[in-house]
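Going down the list, the sequences are from chains A and B. Using this note's numbering, you'd call the opening residue of the first sequence number 1 and step up by one each time. Using this note's numbering, you'd call the opening residue of the second sequence number 1 and step up by one each time.
It is worth saying that the hints were derived from the structure and are not from the lab. Even for Gly, the Cβ is constructed at its ideal location relative to N, Cα and C. Do not take every clue at face value.
[Stated by the list, open to error] Some, not all, of what chain A presents toward chain B, calculated at C-beta under 10 Å: (1) Val25; (2) Leu29; (3) Gln41; (4) Pro53; (5) Glu56; (6) Ser61; (7) Leu87.
[As the list claims (entries may be wrong)] To be clear about the criterion: a stretch of chain A counts as covered by chain B if any three or more of its residues have a C-beta under 8 Å from a C-beta of chain B, and this derived list gives those stretches: (8) 42-51; (9) 89-100.
[As the list claims (entries may be wrong)] Lysine-lysine pairs mimicking DSBU-like chemistry, simulated, CA-CA at most 35 Å apart: (10) B:Lys159 / A:Lys47; (11) A:Lys6 / B:Lys150; (12) A:Lys47 / B:Lys140; (13) B:Lys116 / A:Lys70; (14) B:Lys60 / A:Lys47; (15) B:Lys148 / B:Lys60; (16) B:Lys148 / B:Lys159; (17) B:Lys150 / B:Lys162; (18) A:Lys72 / B:Lys116; (19) B:Lys60 / B:Lys162; (20) A:Lys70 / B:Lys140; (21) A:Lys6 / B:Lys107; (22) A:Lys47 / B:Lys12; (23) B:Lys12 / B:Lys159.
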Amino acid sequence: MDCTIKSNLTAFDDNELSDAERSDVQSHLQGCSDCQTLHNQLAVTWKALDSLPVEEPDDFSSVRFLNRLKSKQRAIPVYRWAFAASLMILLSAGTLFMSRHPRTVQETAITSSFFPMVDDKPSSDNNLFEAVFVDYPTKGESK
Amino acid sequence: MPNADELLRDFKEGNERAFEELVGLLWKPVFQLAYRYTGSRPEAEDLCQETFMKVYQHAKTFRGDSKAFTWVYRIASNVCLNWKRKKIPQAAPPDRMVKDNHDFLLKLQLEEVFGKLSGPERILILLSKFYGFSYQEMGKILSITPEKVKSRLHEAKVKLAKELPVYFQKGGTSNGLHDQIQLNGI
Numbered sequence: 001m002d003c004t005i006k007s008n009l010t011a012f013d014d015n016e017l018s019d020a021e022r023s024d025v026q027s028h029l030q031g032c033s034d035c036q037t038l039h040n041q042l043a044v045t046w047k048a049l050d051s052l053p054v055e056e057p058d059d060f061s062s063v064r065f066l067n068r069l070k071s072k073q074r075a076i077p078v079y080r081w082a083f084a085a086s087l088m089i090l091l092s093a094g095t096l097f098m099s100r101h102p103r104t105v106q107e108t109a110i111t112s113s114f115f116p117m118v119d120d121k122p123s124s125d126n127n128l129f130e131a132v133f134v135d136y137p138t139k140g141e142s143k
Numbered sequence: 001m002p003n004a005d006e007l008l009r010d011f012k013e014g015n016e017r018a019f020e021e022l023v024g025l026l027w028k029p030v031f032q033l034a035y036r037y038t039g040s041r042p043e044a045e046d047l048c049q050e051t052f053m054k055v056y057q058h059a060k061t062f063r064g065d066s067k068a069f070t071w072v073y074r075i076a077s078n079v080c081l082n083w084k085r086k087k088i089p090q091a092a093p094p095d096r097m098v099k100d101n102h103d104f105l106l107k108l109q110l111e112e113v114f115g116k117l118s119g120p121e122r123i124l125i126l127l128s129k130f131y132g133f134s135y136q137e138m139g140k141i142l143s144i145t146p147e148k149v150k151s152r153l154h155e156a157k158v159k160l161a162k163e164l165p166v167y168f169q170k171g172g173t174s175n176g177l178h179d180q181i182q183l184n185g186i
């Protein structure tokens with residue numbers, strides 16, 4: 001049995017051989033009953049695959065997919081807005097917190113100019129502020 | 001009517017409508033590939049959706065060095081190869097068995113035998129049989145050489161032929177399939 005010829009039988013049927021290879025297979029098949037049998041078996045098997053069940057897709061399955069895709073695209077900007085809004089709220093809260101609890105006189109002056117409504121007078125209970133005020137001299141004042 | 005290459009190119013340039021047309025063009029053949037591969041309609045729909053989601057997400061990476069058709073089938077084949085069966089396929093309803101006894105048994109045996117092939121073997125058989133891809137195109141789809149396609153496709157066909165005994169107990173001829181079944185007493 002010529003193994004090279006056998007391995008070329010599928011390519012022979014699929015027209016994927018060169019002219020020379022095709023000619024070799026053709027002439028070999030005329031004289032070899034084993035290869036003829038295999039060739040016939042392969043042809044019947046190939047034909048049998050026509051019986052593999054096949055179904056049509058649901059008429060609206062592609063439409064449903066596209067609608068779902070569009071919904072996802074619309075949802076993304078909402079998430080971005082939500083993220084941006086959360087960030088703004090956090091920044092505002094952080095700045096407000098800092099304005100109520102300034103760490104230096106310079107920072108207090110800065111926050112006062114942005115938030116004039118904030119009571120920047122130190123409370124009598126705010127010992128930390130008083131300590132800072134004492135330690136950090138204002139402009140023009142030498143230590 | 002624009003072809004798949006033009007639609008994919010237009011979509012890459014930002015035309016969303018082109019993607020919708022591409023889906024319209026290729027949904028059915030991709031679905032049928034997935035259905036023949038899995039044997040299950042719901043699984044085939046899932047795989048089809050996954051395929052086109054990947055096409056949508058990765059269209060910008062398509063370099064155009066192959067046809068759009070080949071590229072989409074490459075994605076579909078990879079999606080199928082990565083698929084894991086979620087549930088056991090249901091048996092056919094009894095009335096179908098009574099009406100189409102011979103055909104039903106033939107299809108049942110064929111499905112069972114086809115299911116025994118490996119994933120890549122099944123994909124090769126399907127692409128060759130039902131989509132007419134050349135060995136070179138199948139090589140691009142599966143990232144193997146055309147020589148590998150030739151040898152693996154032949155091995156898959158031989159394996160199928162050996163697993164379908166109903167045709168070959170009498171030596172195997174290309175007579176009608178029903179004749180073969182009747183000869184074997186089914």
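Hints, one by one, checked against the model:
no.	hint	in the structure
1	Val25	violated (12 Å)
2	Leu29	violated (14 Å)
3	Gln41	holds (4 Å)
4	Pro53	holds (6 Å)
5	Glu56	holds (7 Å)
6	Ser61	holds (6 Å)
7	Leu87	violated (27 Å)
8	42-51	holds (count 9)
9	89-100	violated (count 0)
10	B:Lys159 / A:Lys47	holds (15 Å)
11	A:Lys6 / B:Lys150	holds (12 Å)
12	A:Lys47 / B:Lys140	holds (26 Å)
13	B:Lys116 / A:Lys70	violated (39 Å)
14	B:Lys60 / A:Lys47	violated (40 Å)
15	B:Lys148 / B:Lys60	holds (30 Å)
16	B:Lys148 / B:Lys159	holds (16 Å)
17	B:Lys150 / B:Lys162	holds (18 Å)
18	A:Lys72 / B:Lys116	violated (38 Å)
19	B:Lys60 / B:Lys162	violated (44 Å)
20	A:Lys70 / B:Lys140	holds (31 Å)
21	A:Lys6 / B:Lys107	holds (28 Å)
22	A:Lys47 / B:Lys12	violated (40 Å)
23	B:Lys12 / B:Lys159	violated (42 Å)
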